[in-house]
Amino acid sequence: MPIFIDRRLNPKDKSLGNRQRFVRRAREELKRSIRDQIRIGRIADVDAEHAVPMPERGTGEPAFNNARNGGRRQHILPGNRHFSPGDLIPKPGQGVGAGASSPGNTASEDDFRFVLSREEVLDLFFEDLELPDMVKLNLKEILAFKPRRAGFAATGSPTNINVGRTMRNSHGRRIALRRPKQEELDAILEEIAMLELAPSSEAAHQRIAALRQELDRLERRRRRIAFVDPVDIRFNRFDPQPVPNANAVMFCLMDVSGSMGEREKDLAKRFFVLLHLFLKRRYDRIEIVFIRHTHEAQEVDEETFFNCTQSGGTIVSTALEEMHRIIRQRYPPSEWNIYAAQASDGDNSVTDSEHCIALLDGKLMRLCQYFAYVEIIDKREAHIFGTTENGTSLWRAYSAIDLKWSNFQMSRIATPADIYPVFRQLFGKQPAVLKRA
Amino acid sequence: MARQAGKSDLLFSGSDWDFTKLSRTYDAIEAIAVEELHLDTYPVQMEIISSQQMLDAYSSVGMPLMYHHWSFGKHFLYQDLLYRKGGRGLAYELVINSNPCIVYLMEENTMALQALVTAHAALGHNHFFKNNHLFKQWTDAGAILSYLDFAKSYIARCEERHGLATVEAVLDSTHALMEQGVFRYRRPPKLSSERQREGLRERLEYEERSYNDLWRTLPPSQQRVNDKAQDPKWKKSLNLPEENLLYFLEKNSPILDPWQREIIRIVRVIAQYFYPQRQTQVMNEGCATFVHYTLMNMLFDRGRISEGAMLEILRNHSNVIFQPAFDDPRFSGINPYALGLDMMQEIQRISTEPTAEDRDWFPNIAGRGNWREVLLDAWAEHRDESFIRQYLSPALIRKWRFFVLGDVADQPHFQVASIHNERGYEKIRAALAHSYDVGANRPDIQVVDVDLLGDRHLRLQHKVNHGILLEDASRDATLRHIRRLWGYEVSLAAVDAETGLTIHERSTSQIAE
Chain A
55 MPIFIDRRLN PKDKSLGNRQ RFVRRAREEL KRSIRDQIRI GRIADVDAEH
105 AVPMPERGTG EPAFNNARNG GRRQHILPGN RHFSPGDLIP KPGQGVGAGA
155 SSPGNTASED DFRFVLSREE VLDLFFEDLE LPDMVKLNLK EILAFKPRRA
205 GFAATGSPTN INVGRTMRNS HGRRIALRRP KQEELDAILE EIAMLELAPS
255 SEAAHQRIAA LRQELDRLER RRRRIAFVDP VDIRFNRFDP QPVPNANAVM
305 FCLMDVSGSM GEREKDLAKR FFVLLHLFLK RRYDRIEIVF IRHTHEAQEV
355 DEETFFNCTQ SGGTIVSTAL EEMHRIIRQR YPPSEWNIYA AQASDGDNSV
405 TDSEHCIALL DGKLMRLCQY FAYVEIIDKR EAHIFGTTEN GTSLWRAYSA
455 IDLKWSNFQM SRIATPADIY PVFRQLFGKQ PAVLKRA
Chain B
100 MARQAGKSDL LFSGSDWDFT KLSRTYDAIE AIAVEELHLD TYPVQMEIIS
150 SQQMLDAYSS VGMPLMYHHW SFGKHFLYQD LLYRKGGRGL AYELVINSNP
200 CIVYLMEENT MALQALVTAH AALGHNHFFK NNHLFKQWTD AGAILSYLDF
250 AKSYIARCEE RHGLATVEAV LDSTHALMEQ GVFRYRRPPK LSSERQREGL
300 RERLEYEERS YNDLWRTLPP SQQRVNDKAQ DPKWKKSLNL PEENLLYFLE
350 KNSPILDPWQ REIIRIVRVI AQYFYPQRQT QVMNEGCATF VHYTLMNMLF
400 DRGRISEGAM LEILRNHSNV IFQPAFDDPR FSGINPYALG LDMMQEIQRI
450 STEPTAEDRD WFPNIAGRGN WREVLLDAWA EHRDESFIRQ YLSPALIRKW
500 RFFVLGDVAD QPHFQVASIH NERGYEKIRA ALAHSYDVGA NRPDIQVVDV
550 DLLGDRHLRL QHKVNHGILL EDASRDATLR HIRRLWGYEV SLAAVDAETG
600 LTIHERSTSQ IAE
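Here the protein sequences line up with chains A and B, keeping their order.
The numbering used here runs 54 ahead of the 1-based position in the first sequence.
The numbering used here runs 99 ahead of the 1-based position in the second sequence.
No wet-lab data here; the hints were simulated from the structure.
Treat the hints with care, since some could be wrong.
Stated by the list, open to error - Now the stretches of chain A that chain B is said to cover, found in silico as 3 or more residues with beta-carbon under 8 Å: (1) 68-76; (2) 125-137.
Claimed, not checked - Derived EDC-like pairs: lysine to aspartate or glutamate, alpha-carbon spacing no greater than 16 Å straight-line: (3) A:LYS417 <-> A:GLU375; (4) B:LYS229 <-> B:ASP139; (5) B:LYS251 <-> B:GLU267; (6) A:LYS235 <-> A:GLU268; (7) A:LYS68 <-> B:ASP179; (8) A:LYS235 <-> A:ASP270; (9) A:LYS433 <-> A:ASP320; (10) A:LYS68 <-> B:ASP248; (11) A:LYS458 <-> A:ASP415; (12) B:LYS251 <-> B:GLU361; (13) A:LYS145 <-> B:ASP509; (14) B:LYS120 <-> A:ASP60; (15) B:LYS498 <-> B:GLU456; (16) A:LYS433 <-> A:GLU316; (17) A:LYS145 <-> B:ASP426.
All C-beta atoms, glycine included, are put in the ideal place defined by N, C-alpha and C.
In isolation and in its complexed conformation, chain A is listed as follows (with noise of 0.2 Å):
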């Protein structure tokens, strides 16, 4: 007879610590790979797990082995059909048949493309970007957990057990299968005790003889029937509920107007869907609050910001009117870290940079921890405007915000490529804000 041990219920993925040594052995090829792999298609590929090749770098396992060709060697195969000896067979290009059963076919096995998780993508796609200052309001994404009373449980540690609860289950269990009371005992000792002292007839024997029996009957049952059985216990249940330690906001602000194109709209809304998917990677705790603005402003949800296709004039400054009104309705700047990012093509009516500048300067920037600001440019216009300061309206007038408030951050998006290298730029974690101060 064999011992038997079930081990299915073993704990799974015992080789999930080899793996992440593995990824993490790999790390800067992996990293690159996936960029490479995103910038080609499309952002909101991110999402979703990758099929990347096997790096070559670092994980490689040299051993002696012997080489492949060269020397002589005899190989000896089943199923021969017609050849007799001394046959001169042709060598095939490389070793087809006959090198099959020649040593140290093992290269294959470094030759293979293995899927990382969503997880493991976000997190080597998204490393080492950060949302700057986020330490001003302590904005820690250490998540305090409270144990948080929730009912019971049938499992717990001795600590927490129940006693009422625990009592109710084994009055209730001692009731449903009648295990004899106390007083019933004693009721019958009672009459024992009145017969033995009564003078002795037979129908006294008797009478004990049958009491005895009904005593050691009971007595029996009480001892079968425990006072507290195991399945009685109950335990105070805790559940762990997670107490927010600081809260923050992201105002994302895209120009829809007529002036932005087909190709600019696609342009801000893969930075945005870029911005949005590392929120939510790296933050659970962040609120988005989404505003698209044409002449006027307003506030929409994640589905309409991202798929709607409404255009119109431009007024720049509504948007960050509307941005000024929800922080002042919903996000007191003393109790939440506020970011903002603009995108837009840079044309602004005529009078409204100023108003912009006005807006910015006198009430944003001050309950901002962080403002950005992507400019989408035409391909032909981004040699001329790569490198100088000049440029649109609106890039003008935010130039003097950039001197004066070292929070703000303005940069140029030509090209699809162009967008992670300035998403890094903008969110890389040695903030430019730091380097300029």
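Assemble the complex: chain A is given as a structure, and chain B must be docked to it using the hints.
Relative to chain A, chain B alone:
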């Protein structure tokens, strides 16, 4: 047959398994195995695991306990990928050479399959592990699990103390030399007991505690240095040439800390533990396949297994022993299950119904009817190479239609050297046996010299057989690893085994880091 084959005599019916069925089946199989085949096995411990756990076990070289290393993660990803793509099914079982013998059964198996696997692993492999002289001599089934437990916790502790990266670096370098980390010729020392290992740890800790930097500042005794220079014994004590590179580095490397030496030792012990398995593939699988095939048929003959279950068993059996011909696209070398089973059944046939040819070739066993003893003896005393040299019969060579293809590097043709005819039998047998000789087919690399008083240059020698050199890239990478463990320059000379001429020499100073 005590009773007519009635329904009550069946060990199981239906495809679902449960523990009573498993236990009943095991008892029946074991009884018949002892009675009919005289098998002698370790006690068995059967563990039911899921496919995920099977994959986990695959990636840590099949052991239930293993230290952590990224390369196991890499193997896991590879196996996982193959499995998911359907490129490779998982094994139905995994068996570990330990005492008690641990057999993993997959939960997805049907009951018929569990019976097959029980006969295959719990009896066939188990008997082989317990009785084959290589395993007896080189592995310690009783101690391996506790040793692995020690290894795992020791390496985990090292990681805690010295950091993941440093431990990983040592393991990387050591893994590269795993194949050169076994004693091929002399008997390896027994695994140390728990108490000895405890003593070792205590000694190391004491040395660390009582370390005094003052001793380092003392001028070296002049006399001692002179002694060393004049004493050829010092070099002699290195026991050169040394084939076990890991052993040499562990004992003699000038730069390693004690914990690093212990890690080398752990890897070396594990490599040594697996060395017999590599030499007995055909025999081990052949023995297990022969045992399961024979036992299942016996049980069926006695009416203990239903026809449906037997059909399922036979279908799986024939999948396992499938051997395509060399020009078949599915051909990937000789299937050890098929060759082993065929050779063992051939012994059975020769001993019961020999032909004139068999009497000529195998006078000792032909017609004696004692195939049980012959097989038990073969399982105990042989490894693949000697088994084939001894028992590959002409009839089998004809059945397999074996032929030998000569392959000389600079010629545009293969030449058929021998085929399955009267003149070829001996040659095919010798060539096939040679191809299973692990020692002859893996590169032969030894430490030949070390300049202990000068620049500590370590010289290795690769004996080149039949002009087969080492692969350049992996050789350079491996030399780098040796350098990391040795700390000073290392060079490898390729020397032709027949002429003794040096073909070329490669040194770590020529290889960029």
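Hints, one by one, checked against the model:
With 8 residues having a beta carbon nearer than 8 Å to a beta carbon of chain B, the segment 68-76 of chain A meets the requirement of three or more and the stated coverage holds. Only residues whose C-beta sits within less than 8 Å of a C-beta in chain B count toward coverage, and the segment 125-137 of chain A has 12 of them, enough to reach three; the restraint holds. Distance check on the hinted pair: LYS417 (chain A) and GLU375 (chain A) sit about 10 Å apart at the alpha-carbon level, within 16 Å; holds. Of the pairs offered as hints, the one joining LYS229 (chain B) and ASP139 (chain B) holds, with about 7 Å between alpha carbons and a cut-off of 16 Å not exceeded.
Between LYS251 (chain B) and GLU267 (chain B) the alpha-carbon distance is near 13 Å, which keeps this suggested pair within the 16 Å criterion. Taking the CA atoms of LYS235 (chain A) and GLU268 (chain A), the gap is about 13 Å. The hint holds against a cut of 16 Å. Pair hint LYS68 (chain A) plus ASP179 (chain B) holds up; C-alpha atoms about 13 Å apart against a cutoff of 16 Å. A hinted pair counts as satisfied when its Cα atoms are at most 16 Å apart, and LYS235 (chain A) with ASP270 (chain A) qualifies at roughly 14 Å.
At roughly 14 Å between alpha-carbon atoms, LYS433 (chain A) and ASP320 (chain A) fall within 16 Å of each other, so this suggested pair holds. Restraint check for LYS68 (chain A) and ASP248 (chain B): the C-alpha separation of about 15 Å stays at or below 16 Å, so the hint holds. Among the hinted pairs, LYS458 (chain A) with ASP415 (chain A) is consistent with the structure: their alpha-carbon atoms are about 9 Å apart, no more than 16 Å. Between LYS251 (chain B) and GLU361 (chain B) the CA atoms are separated by roughly 12 Å; this keeps the pair inside 16 Å, and the hint holds.
The hinted pair formed by LYS145 (chain A) and ASP509 (chain B) meets the criterion: a straight-line CA distance of about 11 Å does not exceed 16 Å. Our distance criterion of 16 Å between C-alpha atoms is met by LYS120 (chain B) and ASP60 (chain A), whose separation comes to about 15 Å. Using a Cα cut-off of 16 Å, the hinted pair LYS498 (chain B) and GLU456 (chain B) holds, with the two alpha carbons roughly 14 Å apart. A C-alpha spacing of about 14 Å is found between LYS433 (chain A) and GLU316 (chain A), which places the hinted pair at or below 16 Å, so the restraint holds.
Restraint check: the Cα-Cα separation between LYS145 (chain A) and ASP426 (chain B) comes to about 14 Å, which is no more than 16 Å; the hinted pair holds.
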